[in-house]
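Trainee: Here are the chains, one letter per residue:
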Amino acid sequence: AALNGGLRSQVSAALKEGRVTPTELCQRCLALIKSTKFLNAYITVAEETALKQAEESEERYKRGQPLGILDGIPIAVKDNFNTAGIETTCASNMLKGYISPYNATVVQKLLDQGAVLLGKTNLDEFAMGSGSTDGVFGPVRNPWSYSKQYKEKSVPKSHSEDEESNWVITGGSSGGSAAAVSSFTCFAALGSDTGGSTRNPAAHCGVVGLKPTYGLISRHGLIPLVNSMDVPGILTRCVDDAAVLLGSLAGHDPKDSTTIQDGFKPFELPNLTDVSKLSIGIPKEYHAPGLSSEILALWSKAADLFKNAGAKVVEVSLPHTPYSIVCYHVLCTAEVASNMARFDGLEYGHRSDMKDSTESMYAATRREGFNDVVRGRILSGNYFLLKQNYEKYFVKAQKVRRLIANDFVKVFRSGVDILLTPTTLSDATPYTEFIQEDNRTRSAQDDILTQAANMAGLPAINVPTALSERGLPVGLQFIGRSFQEKQLLTVAKWFEKQVQFPVIQLEEVKRHDTDVFQHQKSASFS
Amino acid sequence: QQVSVEVLEHLEHLALVDFRDAEGVERLQKAIQFADQLHEVNTDGVEPMDSVLEDRWCLYLREDDVTEGNCTKELLENAREKVEEYFVAPPGNIPLPKLEERETFLEGS
Numbered sequence: 001a002a003l004n005g006g007l008r009s010q011v012s013a014a015l016k017e018g019r020v021t022p023t024e025l026c027q028r029c030l031a032l033i034k035s036t037k038f039l040n041a042y043i044t045v046a047e048e049t050a051l052k053q054a055e056e057s058e059e060r061y062k063r064g065q066p067l068g069i070l071d072g073i074p075i076a077v078k079d080n081f082n083t084a085g086i087e088t089t090c091a092s093n094m095l096k097g098y099i100s101p102y103n104a105t106v107v108q109k110l111l112d113q114g115a116v117l118l119g120k121t122n123l124d125e126f127a128m129g130s131g132s133t134d135g136v137f138g139p140v141r142n143p144w145s146y147s148k149q150y151k152e153k154s155v156p157k158s159h160s161e162d163e164e165s166n167w168v169i170t171g172g173s174s175g176g177s178a179a180a181v182s183s184f185t186c187f188a189a190l191g192s193d194t195g196g197s198t199r200n201p202a203a204h205c206g207v208v209g210l211k212p213t214y215g216l217i218s219r220h221g222l223i224p225l226v227n228s229m230d231v232p233g234i235l236t237r238c239v240d241d242a243a244v245l246l247g248s249l250a251g252h253d254p255k256d257s258t259t260i261q262d263g264f265k266p267f268e269l270p271n272l273t274d275v276s277k278l279s280i281g282i283p284k285e286y287h288a289p290g291l292s293s294e295i296l297a298l299w300s301k302a303a304d305l306f307k308n309a310g311a312k313v314v315e316v317s318l319p320h321t322p323y324s325i326v327c328y329h330v331l332c333t334a335e336v337a338s339n340m341a342r343f344d345g346l347e348y349g350h351r352s353d354m355k356d357s358t359e360s361m362y363a364a365t366r367r368e369g370f371n372d373v374v375r376g377r378i379l380s381g382n383y384f385l386l387k388q389n390y391e392k393y394f395v396k397a398q399k400v401r402r403l404i405a406n407d408f409v410k411v412f413r414s415g416v417d418i419l420l421t422p423t424t425l426s427d428a429t430p431y432t433e434f435i436q437e438d439n440r441t442r443s444a445q446d447d448i449l450t451q452a453a454n455m456a457g458l459p460a461i462n463v464p465t466a467l468s469e470r471g472l473p474v475g476l477q478f479i480g481r482s483f484q485e486k487q488l489l490t491v492a493k494w495f496e497k498q499v500q501f502p503v504i505q506l507e508e509v510k511r512h513d514t515d516v517f518q519h520q521k522s523a524s525f526s
Numbered sequence: 001q002q003v004s005v006e007v008l009e010h011l012e013h014l015a016l017v018d019f020r021d022a023e024g025v026e027r028l029q030k031a032i033q034f035a036d037q038l039h040e041v042n043t044d045g046v047e048p049m050d051s052v053l054e055d056r057w058c059l060y061l062r063e064d065d066v067t068e069g070n071c072t073k074e075l076l077e078n079a080r081e082k083v084e085e086y087f088v089a090p091p092g093n094i095p096l097p098k099l100e101e102r103e104t105f106l107e108g109s
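As you go down the protein sequences, you meet chains A and B in turn.
Note that full-length UniProt numbering numbers the first sequence so that position 16 is 16, with each residue one more than the last.
Note that full-length UniProt numbering numbers the second sequence so that position 21 is 21, with each residue one more than the last.
The set of hints was computed from the structure by calculation and includes no laboratory data.
Treat the hints with care, as some may be off.
[As the list claims (entries may be wrong)] Among the chain A residues that face chain B by a calculated CB cut under 8 Å, a handful are:
no.: 1; residue: PRO101
no.: 2; residue: GLN261
no.: 3; residue: PHE264
no.: 4; residue: VAL326
no.: 5; residue: ASP356
no.: 6; residue: MET361
no.: 7; residue: ILE378
no.: 8; residue: ARG401
no.: 9; residue: ARG402
Note that CB positions come from ideal geometry on N, CA and C, so glycine has one too.
All chains should be modelled from the sequences, with the hints used to inform the complete structure.
Mentor: Spelled out as structure tokens, the structure:
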């Protein structure tokens, strides 16, 4: 069947017509998960329950009563979403063995639509990081490390050992989800996005990563990092699929009081042909220090693409962009300090054997359960929240946040519809190089282009654009107005069609459908 | 400026997380240095922003009716130590040992 096809256009049709069954899809994905185990994308594979869900879906298709486009579709969920009966670890010792008693709202919605939950994907511990390298289950490997495209461009090594250590990171923190989608082990995956954690790995793994507007999708059941910025993220292989997922997930949830109450209508994306009424803004501050010349060139080429197609392309300014990382650093650590306080060993999760007193038990539990990164952020956050520091740091950061958000308001008010920026500073870094800098430094560097959208709560999407000189994916980011996902995705879809990003050539992926690949063209954009 | 040992100890108490080693303290120092860049921004007359939804957000309220619950068993399932329907904790109201008595990196700094 069309393992590589779009959900709405190909997979759903194939399922309805019986050309493939949900059980076959599920089994194929499970087999592929096994053969790509070296990627370390999955923490838990829920084989039994997935097959059962697939069987139930098959019954519905036989009766001619599928629940919708997602019925029978294998999906993966980042391991910081609660999934009833399935271990939820946040890649931390603190939650090893924790079996969620409930489903996060977004998980429940997917299951209600008949989706098949294959498993939980790997991440940086508690979603803190930009590499998916800092979890207790080890780092996630970027599937593109094993692609023909990357291997062809690699300097040939004399020993096979060197080839092993050549692998590149997925980016983070939703690296497992991005790798899972990229390697065809699922059709879509849930991630989370607080500073770029969905868009960053999407860019490095060559998949679509959507960060919805804050307040559109429920956070109930998503183990929180920064309550005022977290959103569930959507990772798919094409923009249309992201729209399908968005349609299933968006909407008010009484269990999450930060979701807006306005009704949300799922939409199908039109095939935009005329971009002449569009105004694309190019924020000059996103030409950030460290931006690779390759990505700069692609960004410029993309701008020209829109210009040549008749759109209005203007340079704009978001002057407080250079401060968004610093602002994020303070607000994030402060909220983390508060959110991590719930982990005390009493009600769930790891508990130390220390019995001397409640406080010493809490301290020992947290000492044993959290890694350095988490502990570091808790301590920094507590520092910024000290009485003597509160105004100076926390409130100050909140004021700077308003300035950052206002920058966007001004630009959108001036007539710009969509902003076009790079998503990352470079293509994926080799793991051995990445771990030479500490987590905080890396996060500060890597989040620079994605973070401001979280500050302002705006929707943003990474669209895979081209392959770098090293044969690795590079993506570009579109940022839209609040709650204007339809416009954002419509433009993203138009762009996706123009660039024709190549399909990853992985030997491990046994593809039986040759006709699907007649539709795939090799990179015409790079 | 270096953060004083008193503040470091205070933080360990508040956070119930320890610095563990010199690297941990250095990490905090760097974090503060990094955050100090905020003071370059002029925020005169700017109100702090709590939520991006401040303009459109009317907090969702509902009737005070019980709609779910009765899940004691599920909630107790993940706790390591419990007795009947209670979570069991070691004795409370015992402060963490003072700096001198604790095994902590900060001792002697």
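Trainee: Go through the numbered hints given earlier and state which of them the structure violates, listing their numbers in rising order.
Mentor: Structure breaks hint 3 only.
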